[in-house]
Amino acid sequence: MSSAEPTVDQVTRTDRLDPAEVADVLTLARLAGDADGADPFDEHVLLRLRDPAAPAVHLTARADDGTLTGYAHLDTTDTATGTGVELVVHPAYRRRGTGRALARGVLATATGPLRVWAHGDHPSAAALAVDLGFRRARVLWQLRRPLTAPIPEQRLPDNVTLRAYRPGDDDAAWLALNARAFAEHPEQGHWSGDDLRVRLAEPWFDAAGFLLAVDSSDGRLLGFHWTKVHERPGSARIGEVYVLGVDPSFHGGGLGRALTAAGLTYLRDRRGLDRVMLYVDESNASAVALYGRLGFAHWSAHVNYQLG
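Numbering (the working numbering), first residue to last: 6 to 313.
Note that these hints are calculated values from the structure, not bench results. Please read all numbers here as calculations on a predicted model, not as lab measurements. Misleading hints may appear alongside valid ones.
[Said to hold, decoys possible] Label pairs and their in silico Cβ distance ranges: (1) Ala178 / Gln311: 26 to 36 Å; (2) Asp126 / Gln15: 26 to 36 Å; (3) Pro157 / Asp136: 42 to 52 Å; (4) Leu36 / Asp200: 51 to 61 Å; (5) Asp223 / Ala132: 47 to 57 Å.
Every residue gets a Cβ at the ideal spot worked out from N, C-alpha and C, and that includes glycine.
All chains should be modelled from the sequences, with the hints used to inform the complete structure.
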């Protein structure tokens with residue numbers, strides 16, 4: 006006797022979610038993250054979900070009892086590089102066509118190129134991407150290291166000192182330095198004042214853990230290490246090398262290594278953490294080598310698939 010075909014939930018499109026729907030999406034993301042060992046959305050999507058004015062297209066799939074079984078977020082604001090997509094399916098409702106239905110909804114909704122992140126490089130996401138003609142375009146590694154292991158001592162270059170970030174006073178200078186340091190980066194180098202301000206207002210922001218390297222003679226910003234602490238109920242706290250950058254004119258002098266070590270020491274000694282993570286492009290060989298020398302090892306991968 007053959008089993009009945011699984012029912013595919015209806016996919017609905019909307020340009021705005023109400024607070025209850027946002028809560029459902031965040032609950033779904035938490036359940037999927039716990040099941041998969043990797044959160045399905047990056048910080049950019051989570052910030053946009055909490056901002057009712059942020060333009061986006063939302064695709065939702067629900068079971069007959071109203072359970073949110075799947076969700077896709079389409080960021081249509083970057084007309085140059087195409088629509089950014091992140092998609093998640095409820096762990097208890099997989100293998101019934103929901104992911105494929107959402108993906109087809111994305112293809113029917115978006116115009117131009119598509120950029121889709123598969124966090125954790127889940128095999129089902131890879132199989133679906135191949136079936137729909139997407140190509141594997143970029144891989145972001147998550148590296149981790151224990152903070153209980155010795156942190157290599159790194160000396161700051163001559164005439165360089167460290168100080169904490171001063172919100173408001175340092176904003177313009179930091180944005181300019183960030184743009185120089187990440188001129189070739191597809192996301193980080195394009196931060197606006199609004200991108201910075203929304204993160205400075207986040208509950209996790211810690212000015213003391215936002216370390217600036219400055220020229221002792223004139224106060225010019227030369228580099229930075231912005232740390233972050235992830236605190237989630239039911240999970241161990243973990244630090245992050247959130248953003249680390251050095252002015253291109255100071256590359257090769259050891260400032261990046263010194264800033265990394267200073268931030269790790271801060272997370273260990275001032276925040277009481279015993280582990281830390283960071284994200285780095287697989288293709289960034291120099292950064293991968295630097296972090297390897299500082300004791301980081303590969304933990305997981307996040308894959309960007311593109312179409313068009």
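Taking the hints in turn, this is what the structure says about them:
no.	hint	result
1	Ala178 / Gln311: 26 to 36 Å	holds (34 Å)
2	Asp126 / Gln15: 26 to 36 Å	holds (29 Å)
3	Pro157 / Asp136: 42 to 52 Å	holds (46 Å)
4	Leu36 / Asp200: 51 to 61 Å	violated (28 Å)
5	Asp223 / Ala132: 47 to 57 Å	holds (55 Å)
Hint compliance for this structure: hint 4 is the single one not met.
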